[in-house]
Amino acid sequence: MNKKVYDVAIIGAGVVGSAIARELSKHNLTIALIDAHSDVGEGTSKANTAILHTGFDMVPGSLESKLVARGYHLLRDYARESAIAVEELGALLVAWNQEEYDNLAKLQAKAVENGYKDSVIISAKDVYAREPHLGPGALGALYVPGEWIIDPWTPIVAFATQAKLAGADILLNTAVSSVTIGAHNTLHTNNGDIDAHHVINAAGLYSDEIDGVFGIKDFTVIPRRGELMVFDKLSRSLISHIILPVPSSMGKGVLVSPTVFGNIMLGPTAQNLEDKSDSGSSEDGLKFLREKGRKIAPELLEEEITAIYAGLRASTEHSDFQIRAHQNNYITVGGIRSTGLTASMAIAEYIKELLVNAGLSLGAERDLPRISMPNLGEAFTRPYQNESAIATQSGYGEIICHCERATRQEVIDALDSAIPPTTLGGLGRRTRAGLGRCQGFYCHSELRKMLEGK
Amino acid sequence: MKRTEVDVLIIGGGPAGLSAAIELKKSGVKSVRVIERERSAGGVPRHSFHPGYGLRDFKQFLSGPKYAQKYVAAAIAAGVQISTSSTATKWASDYEIEVTLPTGLETITARAIILATGARERARAARAVPGKRPAGIYTTGSLQQSTYLEDLDIGTRAVVVGAEHVSFSAVMTLKHAGVKTVAMLTDKKKHETVGIVRWALGLWYRFRLITECEIIDIQGDKRVSGLRIRRGGKEILIACDTIVFTGNWIPDNELARRGGFGIDSHFKSPIVDASSQMQRNNIYAIGNLVLPIKAADKCALDARAVAKMVAAKLR
Chain D
1 MNKKVYDVAI IGAGVVGSAI ARELSKHNLT IALIDAHSDV GEGTSKANTA ILHTGFDMVP
61 GSLESKLVAR GYHLLRDYAR ESAIAVEELG ALLVAWNQEE YDNLAKLQAK AVENGYKDSV
121 IISAKDVYAR EPHLGPGALG ALYVPGEWII DPWTPIVAFA TQAKLAGADI LLNTAVSSVT
181 IGAHNTLHTN NGDIDAHHVI NAAGLYSDEI DGVFGIKDFT VIPRRGELMV FDKLSRSLIS
241 HIILPVPSSM GKGVLVSPTV FGNIMLGPTA QNLEDKSDSG SSEDGLKFLR EKGRKIAPEL
301 LEEEITAIYA GLRASTEHSD FQIRAHQNNY ITVGGIRSTG LTASMAIAEY IKELLVNAGL
361 SLGAERDLPR ISMPNLGEAF TRPYQNESAI ATQSGYGEII CHCERATRQE VIDALDSAIP
421 PTTLGGLGRR TRAGLGRCQG FYCHSELRKM LEGK
Chain U
1 MKRTEVDVLI IGGGPAGLSA AIELKKSGVK SVRVIERERS AGGVPRHSFH PGYGLRDFKQ
61 FLSGPKYAQK YVAAAIAAGV QISTSSTATK WASDYEIEVT LPTGLETITA RAIILATGAR
121 ERARAARAVP GKRPAGIYTT GSLQQSTYLE DLDIGTRAVV VGAEHVSFSA VMTLKHAGVK
181 TVAMLTDKKK HETVGIVRWA LGLWYRFRLI TECEIIDIQG DKRVSGLRIR RGGKEILIAC
241 DTIVFTGNWI PDNELARRGG FGIDSHFKSP IVDASSQMQR NNIYAIGNLV LPIKAADKCA
301 LDARAVAKMV AAKLR
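Top line first, the protein sequences correspond to chains D and U.
According to our numbering, the first sequence is numbered sequentially starting from 1.
According to our numbering, the second sequence is numbered sequentially starting from 1.
If we strip away everything but chain D, and leave its shape as in the complex, we get (with noise of 0.2 Å):
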């Protein structure tokens, strides 16, 4: 039975949970940071589409629109800090009809509205000039040259790091089932009792059942499903801009974008479900995106498809983000959608000031450790092709996943890292290993054995 009560319990050690602990460990606190997977970023936050957003489309004057902007700063920093990568590839959000292109001016007056002053229209011919594997039709486009794209898994590790190694506890595999609320509160686990002087959810798709252990009833969690595909490496020249959909009243259309890793990605679809749990593509999914990629970009279907996932939105039937003090020293972060990667250091300043508020003593504000984390981006020297790198420890130059070129060490140095990857889908966020286009054809056993033999 631990005897602690901790300053602050964090349920969900997803993007938010993360960067809430980490925030939180700049002060001499007690923290707990709890999820009920075996690994950080393991719900909702490793499917996100990666895009490092300016939040120019945001409702203006919402909460959302304000924690982008700042987050959008924030994570950008810390990207470069921590040797994150990130590409400044810019967005171009392409009219395919008269309706979308009156749109654009529109869109760009929101931006405004926003913060965000960088918007351009330009025409068809400059759109082509940009982007000359665009299919037929693109009328003009608003260019967005903040909107970057992110490695969407590393600053998930990187946050849950460094609050460990300033003194946060980690607690995987534990799931909240029921709280007493005493003197302080009392979260009941699979693992024992967690007690805490102060709670916050950022439970995620699960936020809303959070909330009614506390008896607490804002909002419901609707999970959206969101497909995307990823291509083929050798696809990525075709693409050199985050193509963003315009909305309409066509719906919303589907991005193509490029990551970090080097390949192309296109989606996501939305379709609203029921089941929580459902992560799994479907047919008319599937078929959906290939009509809309067609037209957006007709070579790109003719390369192979590398992988295909499917996520699940936290969406609740508010268009804002969902952040609450409730009394009994408990704050609810839910309805964080595919922004809250952007938005995520943000929200943690602001669960700051909200715990200030109900009356936390932080103390000193003190340095975090710095991190370096691994690279991972196709932009940036991979270990592979960094002679130095070799010199030091020969595994740096013994590729061991050939499709994405991870090598051995890279492996090791993540199987004895401070927070370790417990499956090979973890393995594949820290490494890329086994996420190539052969989906293990080569090293699937291997990464197994070295995985189970840890």
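A hint or two may mislead.
[As the list claims (entries may be wrong)] Below, in silico cross-link-like pairs of lysine to aspartate or glutamate (EDC-like), each with a Cα-Cα straight-line distance of 20 Å or less:
#1 276(D) with 5(U)
#2 90(U) with 365(D)
#3 292(D) with 278(D)
[To be verified] Sample of chain D residues with no beta-carbon within 12 Å of chain U, all distances over it, derived:
#4 83
#5 99
#6 107
#7 397
Just so you know, these hints were derived from the structure itself, not from any lab.
Fair warning: this is a prediction, and the values are worked out from it, not measured in the lab.
Quick reminder that beta carbons are idealized off the backbone N, C-alpha and C, glycines included.
With chain D's structure known, arrange chain U on it following the hints.
Relative to the frame of chain D, chain U by itself:
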């Protein structure tokens, strides 16, 4: 970066690459080097344990690993330099290849370069099969490596997707791993192997061959629990814990494409002339990099013929 020179550089140490290398040395070419990305040379036969290799080239009935070993031994005896755990990463120029090895980076210049990078089976995603992504999904390649090289636990009931030659090889591997094959699925009208093989193995291992069907959903959370197929408008659920995607080959054409060479739109293989030369003088493609898929011994014999021509040209 280390710089080296060689007469002929061969990328890929499977039956085709090794057979070409041996022939080049026999034909008097001074220096021949094979770059192999796996930890040992030999290619796919290394993890294909059933017999049937070597009929045409060695006039013997060998298991895959024995066959692979024979080629490796012959290459070493012939004086071929084999670098394993070494990956050709890019073209530094028309006749230079950059390689990553455990000892560092190396740029190799060659008078002739032969690509023998082989082919792989299309994985589940490349076939756009919908459904969940639980554990228990393999290709024949990953299944054989898990079973024979690593001795990992596989499962109990398997469905094999595809009815090509290699699909029956997967059935045999499953049997070896103690897994029962319950069905073999194909979208084609019939199987694509030799009739007698299908008949004998179907009888021996007792599985159903279901033709003209498509998989519409893979089920299971942590572990595969089954799959749904559609055949003639009807949907059928098959319970299983293992799915093996077999055949449906794609050449490992990355190096060829990155070099800017023309690619066949159907097979996705580099375009070659009658002498197996790609669209640049003294750059060749051999073996299963040039589809359609061929048996190992056929690849080896063809490679031998190409090597003879290459040697004559370099003289």
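Going down the list of hints, with the structure as the test:
Between residue 276(D) and residue 5(U), the direct Cα distance comes to roughly 59 Å. Violation of the 20 Å bound is thereby established for this hinted pair. Only pairs whose Cα atoms come within 20 Å are accepted, and residue 90(U) paired with residue 365(D) is rejected, the gap being roughly 48 Å. For the suggested pair residue 292(D) and residue 278(D), the alpha carbons sit about 23 Å apart, so the restraint of at most 20 Å is broken. Listed as outside the interface, residue 83(D) is consistent with that label: its C-beta sits roughly 21 Å from the nearest C-beta of chain U, beyond the 12 Å cut-off.
Every CB of chain U lies more than 12 Å from the CB of residue 99(D), the least distance being 31 Å, so the non-interface label holds. At roughly 33 Å from the closest C-beta of chain U, the C-beta of residue 107(D) stays outside 12 Å, upholding its exclusion from the interface. Against chain U, the non-interface label of residue 397(D) is violated: not every CB pair exceeds 12 Å, the least being about 4 Å.
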